[in-house]
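S.K.: Chains as they are written, first to last, in the UniProt record's numbering: chain A, 1 to 405; chain B, 1 to 405.
For the record, the hints were derived by calculation from the structure and aren't laboratory data. Bear in mind that the values here come from a model prediction, so they are computed numbers and not experimental data. Treat the hints loosely; a few may be bogus.
The list cannot tell twin chains apart, which means a pair is met if one copy fits it or any two copies do.
[What the hints assert, rightly or not] Derived pair list, reagent style PhoX-like, types lysine-lysine, alpha-carbon separation capped at 20 angstroms: (1) K298 x K402; (2) K33 x K53; (3) K33 x K398; (4) K35 x K53; (5) K103 x K146.
Each chain, letter by letter, is given below.
Number of protein chains: 2
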Amino acid sequence: MNYEQIIKSTIKSNNSKIILLVLDGVGDIRSPKFKDKTPLEYAHTPNLDKLAKESVVGRLHPVLPGITPGSGPGHVGLFGYDPMNLTIGRGVLEAVGIGFQLKSYDVAARCNFATMNENGIITDRRAGRIPTELTIELCNTLKSIKEIDGVEIIIKPGKGHRFVTVFRSKDKEIGSYINDTDPLTEGKAPLPAHGKNPPSQFLANVINKFIKEGYALIKDKHPANAFLMRGIASKPKLPTMREKYLLESAAIATYPMYRGIASLLGMTLLPAPDSIEGLFETYVSNKQKYDFFFIHVKGTDQAGEDGDFESKVSCIEKVDKALPIILENKPDVLAITGDHSSPCAMRSHSWHPIPLLIHGQFSGRDDVKFFNENACNNGGLGFFESKYLMGLLLANAKRLDKFGA
Amino acid sequence: MNYEQIIKSTIKSNNSKIILLVLDGVGDIRSPKFKDKTPLEYAHTPNLDKLAKESVVGRLHPVLPGITPGSGPGHVGLFGYDPMNLTIGRGVLEAVGIGFQLKSYDVAARCNFATMNENGIITDRRAGRIPTELTIELCNTLKSIKEIDGVEIIIKPGKGHRFVTVFRSKDKEIGSYINDTDPLTEGKAPLPAHGKNPPSQFLANVINKFIKEGYALIKDKHPANAFLMRGIASKPKLPTMREKYLLESAAIATYPMYRGIASLLGMTLLPAPDSIEGLFETYVSNKQKYDFFFIHVKGTDQAGEDGDFESKVSCIEKVDKALPIILENKPDVLAITGDHSSPCAMRSHSWHPIPLLIHGQFSGRDDVKFFNENACNNGGLGFFESKYLMGLLLANAKRLDKFGA
Numbered sequence: 001m002n003y004e005q006i007i008k009s010t011i012k013s014n015n016s017k018i019i020l021l022v023l024d025g026v027g028d029i030r031s032p033k034f035k036d037k038t039p040l041e042y043a044h045t046p047n048l049d050k051l052a053k054e055s056v057v058g059r060l061h062p063v064l065p066g067i068t069p070g071s072g073p074g075h076v077g078l079f080g081y082d083p084m085n086l087t088i089g090r091g092v093l094e095a096v097g098i099g100f101q102l103k104s105y106d107v108a109a110r111c112n113f114a115t116m117n118e119n120g121i122i123t124d125r126r127a128g129r130i131p132t133e134l135t136i137e138l139c140n141t142l143k144s145i146k147e148i149d150g151v152e153i154i155i156k157p158g159k160g161h162r163f164v165t166v167f168r169s170k171d172k173e174i175g176s177y178i179n180d181t182d183p184l185t186e187g188k189a190p191l192p193a194h195g196k197n198p199p200s201q202f203l204a205n206v207i208n209k210f211i212k213e214g215y216a217l218i219k220d221k222h223p224a225n226a227f228l229m230r231g232i233a234s235k236p237k238l239p240t241m242r243e244k245y246l247l248e249s250a251a252i253a254t255y256p257m258y259r260g261i262a263s264l265l266g267m268t269l270l271p272a273p274d275s276i277e278g279l280f281e282t283y284v285s286n287k288q289k290y291d292f293f294f295i296h297v298k299g300t301d302q303a304g305e306d307g308d309f310e311s312k313v314s315c316i317e318k319v320d321k322a323l324p325i326i327l328e329n330k331p332d333v334l335a336i337t338g339d340h341s342s343p344c345a346m347r348s349h350s351w352h353p354i355p356l357l358i359h360g361q362f363s364g365r366d367d368v369k370f371f372n373e374n375a376c377n378n379g380g381l382g383f384f385e386s387k388y389l390m391g392l393l394l395a396n397a398k399r400l401d402k403f404g405a
Numbered sequence: 001m002n003y004e005q006i007i008k009s010t011i012k013s014n015n016s017k018i019i020l021l022v023l024d025g026v027g028d029i030r031s032p033k034f035k036d037k038t039p040l041e042y043a044h045t046p047n048l049d050k051l052a053k054e055s056v057v058g059r060l061h062p063v064l065p066g067i068t069p070g071s072g073p074g075h076v077g078l079f080g081y082d083p084m085n086l087t088i089g090r091g092v093l094e095a096v097g098i099g100f101q102l103k104s105y106d107v108a109a110r111c112n113f114a115t116m117n118e119n120g121i122i123t124d125r126r127a128g129r130i131p132t133e134l135t136i137e138l139c140n141t142l143k144s145i146k147e148i149d150g151v152e153i154i155i156k157p158g159k160g161h162r163f164v165t166v167f168r169s170k171d172k173e174i175g176s177y178i179n180d181t182d183p184l185t186e187g188k189a190p191l192p193a194h195g196k197n198p199p200s201q202f203l204a205n206v207i208n209k210f211i212k213e214g215y216a217l218i219k220d221k222h223p224a225n226a227f228l229m230r231g232i233a234s235k236p237k238l239p240t241m242r243e244k245y246l247l248e249s250a251a252i253a254t255y256p257m258y259r260g261i262a263s264l265l266g267m268t269l270l271p272a273p274d275s276i277e278g279l280f281e282t283y284v285s286n287k288q289k290y291d292f293f294f295i296h297v298k299g300t301d302q303a304g305e306d307g308d309f310e311s312k313v314s315c316i317e318k319v320d321k322a323l324p325i326i327l328e329n330k331p332d333v334l335a336i337t338g339d340h341s342s343p344c345a346m347r348s349h350s351w352h353p354i355p356l357l358i359h360g361q362f363s364g365r366d367d368v369k370f371f372n373e374n375a376c377n378n379g380g381l382g383f384f385e386s387k388y389l390m391g392l393l394l395a396n397a398k399r400l401d402k403f404g405a
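Chain A on its own, in the form it takes in the complex (with noise of 0.2 angstroms):
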């Protein structure tokens, strides 16, 4: 028996209430160039402090030591999917990123408007970044190409350049093992689709007509008189929360990508404004309607990225003083965490393991006194992989039947 199956095999419901509250990419290093503390460590975080006292900590590997994820691998670790067997295509990510409810078999493709000249070659694989106004009115020229071959063409434009196409086949199988059509580079001739098995091959032609249409129909419209598709991708068929753990689930995320990924597990969309206040009130009015919520914060990531220290620790205090709205409305279970750290002397994501708070009636308490990296070296829960987290969750919500006699 493998984990899954544990974990299914010991599943159970009940009225208990489960907040995952996961802070975007929170993880951070001591380094000189920012005080030499991390800004967890920095911020003026009383509420949190409080809390730790009061619970159990330690340190989440987002997948394993050393590997840096992607918000993808991120943050399905940290719903209990194995992010090193699941990859969501860029394509999909793309689609229900911009809100698109994709169905099963459907196929997306990330798809930018480019330039080309008149020998057929790529001289701007961004057409000169077109407002995403023009990149409108192109999709709806782009629009009256509706089927090929029996296939739907669905075309949504996304920010600036970007659109994304969804390919619905009304019968016939389809398939994704297809290359990208943008050859990376400029200078060279868009690259024609192949696909690597028949329903595949079936696709590859019907993209490569409607890439003939949609030219056609754009080619007076310079700088943006081509596109270039890449990271085609099938919804991956997964199980939902639901399915997995007879969950009913919400999502309290402001930004696309991360509705995009909860939507995909099943998880109910709920709207997010754009405070932190906001986003823990949206927990409390409807508490009573689920039993799980992903609550996501953005802000500590971007700062991470953009190595704004201040802006990162200012981040962290925000969801501090917000913090008593979900503590007045305690769930059963409330998890603290991140997907990944973003550290500000990186500018990017990295590997560095997450620290992680979980209190709950149950969860015990350590003598770990602050919520941050160091202090949460010394936790009660050790460091183990995300993909974990969900099943200890479960367990403090009493969720999860003894294993075996």
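Let chain A serve as the given structure and place chain B on it in line with the hints.
M.R.: Here is chain B on its own, set in the frame of chain A:
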């Protein structure tokens, strides 16, 4: 190469002695209901404290974070058998638990006497909880059925209304993919046995005949005029501790279940007095005869499951008081831990990591000065899965060679 293969390729024998002292369910959590300390923190344990100062400590996950094990998985993990892949069926546990020596290919079932009405409907699944004496008498009646279709029928009374039936085939292969005959609710008829493959179907037919003949024998013994079968299981094919580790092993355990598990792993069962001093003295008097001693203390788990903090503290203090008996006859390696946690505040097994102490010439020594859950968070062993403990004890006993050149 997997872990087991590495152990197998590096194992060697020497004259070292190893003790694994298991305080069943010793792990706990701090709770405001119980002085905000764990029993290990609260107990007065001068000997354990002194030992901790000279030892290395850490914490064990019985299975994986969040998974609460039964006694079976909890113990087999400690002996280095993967608790996720080794399931010991309930019938087998029950049989070995009452001291029955199962042979390979034996199939065992847990049985209950029950009450059936004239329409063949079960009206009491426990026959009014008849006393053990009556069960012994009824089992003697059933024992007149000695063999069906070449399968020997062996009946052993247990406590109260319970007994065990073992099916031993002389030549035909018998299987145990067979449903429970217990309908699990009153107001229904017993279920006929069905087998999922031919050897199981052969035994299912034997079982159905046994039930028919047995019911006829006790039809006038109201309220115990029927019996129900559950947990029909074959003896698992396990390498013994001798085969796995070249260890001559002995178990010093009072309770049938732990004696049963030890006997399945090929350990010699030593007489086990009721007192903790008695357990430890049994080790001393047998020290020369075995390499490995599994000493099992049940009181800590019982107190945890009863929510009896004082009794758990008292049991720990008794262990501490008796500890010099072991320390004056020191083995080369002494490990003290549990098979799982049983927090008083939960009155049940739990997933919380278990404190672990290893003392020996090569164990090393960390800064931890006490043997309790939170002190062990900072130990030199970190957190790891129980299934790696045996390898670590063998290493400490210099019974493992270097792996690779």
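S.K.: From the Cα coordinates, with 20 angstroms as the cut-off, is the pair K35 and K53 best called within, between, both, or neither?
M.R.: between (25 angstroms within a copy, 16 angstroms between copies)
S.K.: Can you give me the call for K103 and K146, within, between, both or neither, at a CA distance of at most 20 angstroms?
M.R.: Answer is within; shortest intra-copy Cα gap is 17 angstroms, inter-copy 62 angstroms.
S.K.: State whether the alpha carbon distance between K33 and K53 is at most 20 angstroms within one copy, between copies, both, or neither.
M.R.: between (30 angstroms within a copy, 17 angstroms between copies)
S.K.: Is the C-alpha distance from K298 to K402 at most 20 angstroms within one copy, between copies, in both cases, or in neither?
M.R.: The answer is between: 19 angstroms across copies meets 20 angstroms, while 36 angstroms in one copy does not.
S.K.: What label fits K33 with K398 when the C-alpha limit is 20 angstroms: within, between, both, or neither?
M.R.: between (44 angstroms within a copy, 19 angstroms between copies)
Violation of the numbered hints given earlier is absent; every hint is satisfied by the structure.
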